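Engineer: Those protein sequences? They're chains A and X, same order as listed. Counting from 1, position 104 in the first sequence corresponds to residue 104 in our numbering; the numbering is continuous, with no gaps. Take any residue in the second sequence, note its place counting from 1, add 113, and you have its number in our numbering.
Please keep in mind that the hints were generated in silico from the structure rather than gathered at the bench. One or more hints might be untrue.
[Stated by the list, open to error] Calculated pairs, EDC-like style, for lysine to aspartate or glutamate (alpha carbon to alpha carbon, straight line, at most 16 Å):
1) A:K42 - X:D220
2) X:K154 - A:E39
3) A:K68 - A:D49
4) A:K71 - A:E56
5) A:K68 - A:E39
6) A:K22 - A:E56
Note that the structure is a prediction, hence the values are computed from the model and not measured.
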Amino acid sequence: GENVEQHPSTLSVQEGDSAVIKCTYSDSASNYFPWYKQELGKRPQLIIDIRSNVGEKKDQRIAVTLNKTAKHFSLHITETQPEDSAVYFCAASIGNYGQNFVFGPGTRLSVLP
Amino acid sequence: GAVVSQHPSWVICKSGTSVKIECRSLDFQATTMFWYRQFPKQSLMLMATSNEGSKATYEQGVEKDKFLINHASLTLSTLTVTSAHPEDSSFYICSARGAGQPQHFGDGTRLSIL
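For reference, chain X alone in the conformation it holds in the complex (with noise of 0.2 Å):
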């Protein structure tokens, strides 16, 4: 079936520091990548969309010059969270999807700002 891969699984770091996550679409052409957030006990919220070699749409309330979303390839999406705060601290979550495809989920990263 299909895969999808995220990685880091957990990152720990520094206020200030920027972050990157990377959604990999092991097995199929992703031509559309999502990302989404998850605070504890809530739901999983979409922060932007992403087409393959084009802009990110982002949602209303997401700031596009914090988290900068790149979808550079048909396999490949990045999500840069710039000068992390500990409110960006969170569980992230990425799900590709190919033409005519269900979303599938990456496995989730979980990023704790001190």
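The following block holds chain A by itself, in its conformation from the complex (with noise of 0.2 Å):
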């Protein structure tokens, strides 16, 4: 079955520096590769997503990159903000927006002021 990893699992920036968090799979049948922030105790949020027929996509100040031939993805935000501060999570699936997800294991994003 799918397999995806995440990392770093922490990760601290200061306020208006950029932020990267990557991602890999291991099932090169998967196609859909969103992104999700969550924070504590509340629902997961999408925040960006991309295809397998993609290999970039942004939304303001986040971007997702991703290389279907290393079977790798990453978040990019630029010009963060204490309110970015939250734990993500990537996930990989199959079909046009996914059947079932396997999320990474998260990154806690802290934006220092």
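Once you've looked at the hints, go ahead and assemble the two chains, each given alone in its own frame, into the complex.
Structural biologist: Rendered as structure tokens:
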């Protein structure tokens, strides 16, 4: 089955700096890769997603890149703000918007003022 | 946007009690619903997938008789934790998706078994 790894597990950056979180997946059939942001005790919220036919996608300060050959994808957050502090999960799945998600272990991002 | 409602948000009960958690899609028809469990500081682990009108598909290691899932309509799925014990204490989150839509998560249910 699919296995998703995520690094780093914790990340601290100064406000205004960029943050990068990397994930790898094992199943070459996976074709949908969402990123979720989860604040403590709350629901995961989809912040950006990418499909395997696209190499990069950007939405304001957030971007995701995908290297299908190497089976890894990354989340880039620029001009970080304190409200970006949360746990971020990557996921991999198969299907238009994913049948079953396999989540990475998460990255706790702290943006220091 | 798509809204998924999960109820209750927090349950505290005695060991041996059965607890039912509801997951509703409020403004779309959820052809598929997913149930996840999340232990503190850990990732979301898929427990089971349910399609409306059919039996749920459980992930390896998840006991079907302990975690009863019913998806009787296109807007409601329930998870019943039977004879709950302290080790079942966790954050349970459902998600729902309609045809051609991404998954939308509920707010989660914090289950504490004393």
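Engineer: Compare the structure with each hint and give your call.
Structural biologist: Consistency of the hints with the structure:
With a CA separation close to 6 Å, the supplied pair K42 of chain A and D220 of chain X stays within the 16 Å bound. For the hint linking K154 of chain X to E39 of chain A, the alpha-carbon distance of about 11 Å falls within 16 Å, and the restraint holds. For the hint pairing K68 of chain A with D49 of chain A, the CA-to-CA distance comes to about 14 Å; that is within 16 Å, so the pair holds. Taken as a hint, the K71 of chain A and E56 of chain A pair is honoured in the structure, with Cα atoms around 14 Å apart against an allowance of 16 Å.
For the hint linking K68 of chain A to E39 of chain A, the alpha-carbon distance of about 29 Å lies beyond 16 Å, and the restraint is violated. Restraint check for K22 of chain A and E56 of chain A: satisfied, since their Cα atoms lie roughly 14 Å apart, inside the 16 Å limit.
Taken one by one, the earlier hints fail for this structure only at number 5.
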